[in-house]
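J.: Sequence:
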Amino acid sequence: MPDTATPTGTIAQQRNADRELNASRLLRASAKHSHDPLTEVDWTAPVDPDHYALPAHRVTLYGTSLWERLDERQRAQLSVHQLASTTAAGIWFELVLMEGLIRHVYANDLTTGHAQYALTEVADECRHSTMFARYITATGYPSARPTRRADRLGRLHFLLNDTTMTFAGAIFVEEFTDAMQREMIRDESLQPLARSVARIHVIEEARHIGYAKPELERRWARMTPARRAVFRRALALLARQSVAEIVNPRVYALAGLDPAEAARAAAANPHWRQARVDWSRKALDFFTDLGIITPSTTRHWRRASLLP
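Using the numbering used here, read the sequence shown as starting at 28 and increasing by one per residue.
Hints listed in this document are in silico derivations from the structure and should not be mistaken for laboratory results. Don't be surprised by glycine CBs; every beta carbon is placed ideally from N, CA and C. There's no promise every hint is true.
Distance ranges between label pairs, derived from CB positions [as the list claims (entries may be wrong)]:
1) Asp98 with Pro73: 16 to 24 Å
2) Arg100 with Thr139: 52 to 60 Å
3) Thr324 with Leu122: 26 to 34 Å
4) Thr71 with Ala271: 19 to 27 Å
5) Thr164 with Ala261: 46 to 54 Å
6) Pro322 with Pro73: 50 to 58 Å
7) Pro322 with Met250: 16 to 24 Å
8) Arg100 with Ala271: 24 to 32 Å
9) Asp75 with Arg42: 30 to 38 Å
10) Gln268 with Glu47: 46 to 54 Å
11) Asn43 with Asp63: 29 to 37 Å
12) Arg100 with Trp70: 17 to 25 Å
13) Phe185 with Asp75: 21 to 29 Å
14) Arg249 with Thr164: 41 to 49 Å
Let the sequences and hints guide you as you build the complete structure.
T.: Shown next, in the form of structure tokens:
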């Protein structure tokens, strides 16, 4: 019997055929449902300072004593700056993802649909990063740069060149932001500009998730037990750092609050913890089904406030 731990012959051919079938489907969807945010979003419309960008109960300080100290306009502005900070983190992660996809393509046959879809995804992410940067500028948020901690983590990822971790990280971050942005799209009371950005991102990120999941499944199936043990811990750390990055303490300073005090209040806030759990659920369910999250590793995800 053939050794199924190392796919050869008909097993490898079937896996390659499945890979190409998925890529063909994603390429067709990209041709029909790709968007240009520079022309499809009204960047000239003024941003109403009284419009929330996120639902109030998803703002980090909602329900705390610090929240009660803010007037309604300050609360709305805090939500706008929180979303701007999240989009800045999105740019950081998309740059890391694009670098990983380019390396993935470099090691593959460019005549395959699988490689060509990776390049299509890079093109999507280029537009998304530009869109996020335009949104940040429109809100008056002062920076699209990652924190020093995130910058170091990104550079470490470049050095390690772990393509499997790139796909796993993409699944976590994209499912997390997808859940957040779907809530935004459904809430017609929110800032129109934020909802326009969310709509485009949700449509195109669904394809990216559909590319990353089967690729991670293939790679996970070939991992040795020792490699899996290391990977489980590393992915939990990456998820924890990615979520920590989405709310830069400067958002509190912009609201006239003490950043350290506000960060402590947010960390202890059950409403903000629930938001992170809700937005992480689909990714963590997938990782659990795959065997990446096990009963012995759930404590790492709870420590990151990503599991109840």
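J.: Determine which of the earlier numbered hints do not hold for this structure and return their numbers in increasing order.
T.: Going through the list in order, the structure violates hints 4, 5, 9, 10 and 13 and respects the others.
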